[in-house]
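Peer 1: Letter by letter, the chains look like this.
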Amino acid sequence: MERVDLSALFVHLLALWFVAVGGPSAILPDIHRYVVDVHQLLSNREFAEIYTLAQAAPGPNVMYTTLIGWHLAGWSGALATTIPLLVPAMTLTLFVGHFTERYPDAPILRAIRRGLTPLTIGLMFAGATVLMRAVNHDWRGYLTTVVTAAVVVRLTCNPLWLLAAGALLGIAGVV
Amino acid sequence: MDLFLTFSRITLSSFGGALFWARLGLVERQRWLTDREFAEFLTIGQLLPGPNVLNLTVLVGYRLGGWSGAAVSVAGYVGWPFLVVIGMGMLYQQFGALPQVQQALGGMSKVAAGLLLATVIKLAMALPHRLRPWLFGILAFIAIGVMRWPLLWVVAALAPCAVFLAWKARD
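Protein chains in written order, with the numbering used here: chain A, 1 to 175; chain B, 1 to 171.
Calculated from the structure, these hints are not laboratory results.
Fair warning: there could be bad hints in the mix.
Facing chain A, according to a computed beta carbon distance under 10 Å, are these residues of chain B, among others [what the hints assert, rightly or not]:
| hint | residue |
| --- | --- |
| 1 | Arg31 |
| 2 | Pro51 |
| 3 | Asn52 |
| 4 | Gly65 |
| 5 | Ser68 |
| 6 | Val78 |
| 7 | Pro128 |
| 8 | Val146 |
Owing to the predicted nature of the structure, the values given are computational and were not obtained by experimental measurement.
All residues carry an ideal CB built from backbone N, CA and C; glycine is no exception.
Turn these sequences into a full structure, and let the hints steer you where they fit.
Peer 2: Dropping the structure here:
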């Protein structure tokens, strides 16, 4: 365990959020790299558990960063991981929102959208594989993950039921 | 005040993705936006860095109440989940080591990984079936998921190329 350097974490997250086209899932692999691989602030399992807890809470999925901060350093940690998320939204979004309301079909905006969408999908897929490797230790775990994905792709159902089913499987000792 | 309450309500009911609840609250309950305006705001929100519904919150708050409207909306949208998540963090620190809690969390985390995987698959199925978008998607995946390079450098290298080629192709 390293000592938590909150200001460095704050700056890192702030920089991440400014490139986080595609939102919280796109920066998941980099947050994992930072807190688990590079600085070893959390174990792989703690990271997975914290991410999961935040998914079960109401509100934007991104709150897993707040929970990481809280777990590492209490209130100041929670603030240091939440404020960076708000900054681009309150600056860039207002600025660009003003512009795009006037010129919604500007070709440059379409090119940005078309160009960046595949990048986002690649980043999110990286996030999914990082998480998969962090949570699964045997074939039964991988099977649960893949079956969940298949169910959600085919049918639309409330993810909370699936999370509850996962909890039951875990308590029953199946996975 | 209305903005604060509406966004509080949206965020507190949005388990597993806020988009559905945001549309219900803004378009159907309050009738502040039409469906078309909602879709336009959302597109802008997705174009920009950061969580798309948070960006949408800023845009709607700003249109309806200027700067203070945007601030109040964000406070409603992020404030409550912030407290809820910290409450969960307290419980986790208290009880996280119990074997049953460990097992339940272990099972849930496998499902959570599946949920993320499903979202990616759905989005990828909507990509055009052409070489360029898939090439960039795969490059981004390899750089981040396999090589584990820092995201900042990867995006700085890939994003300008991707946008430039999309601009050239005008597809």
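Peer 1: Does each hint fit the structure? Answer for all of them.
Peer 2: Comparing the hints with the structure gives:
1. Arg31: Because about 19 Å separates Arg31(B) from the closest Cβ in chain A, which is outside the 10 Å limit, the hint is violated.
2. Pro51: holds (5 Å)
3. Asn52: Interface hint status for Asn52(B): holds (6 Å vs cutoff 10 Å).
4. Gly65: Result: violated, 12 Å to nearest chain A Cβ.
5. Ser68: The hint is violated - Ser68(B) has no Cβ within 10 Å of chain A, the shortest such distance being about 12 Å.
6. Val78: Constraint on Val78(B) satisfied, holds at 7 Å.
7. Pro128: Hint holds; Pro128(B) Cβ to chain A Cβ min 9 Å, cut 10 Å.
8. Val146: holds (8 Å)
This entry does not satisfy hints 1, 4, 5, going by the numbered hints stated previously.
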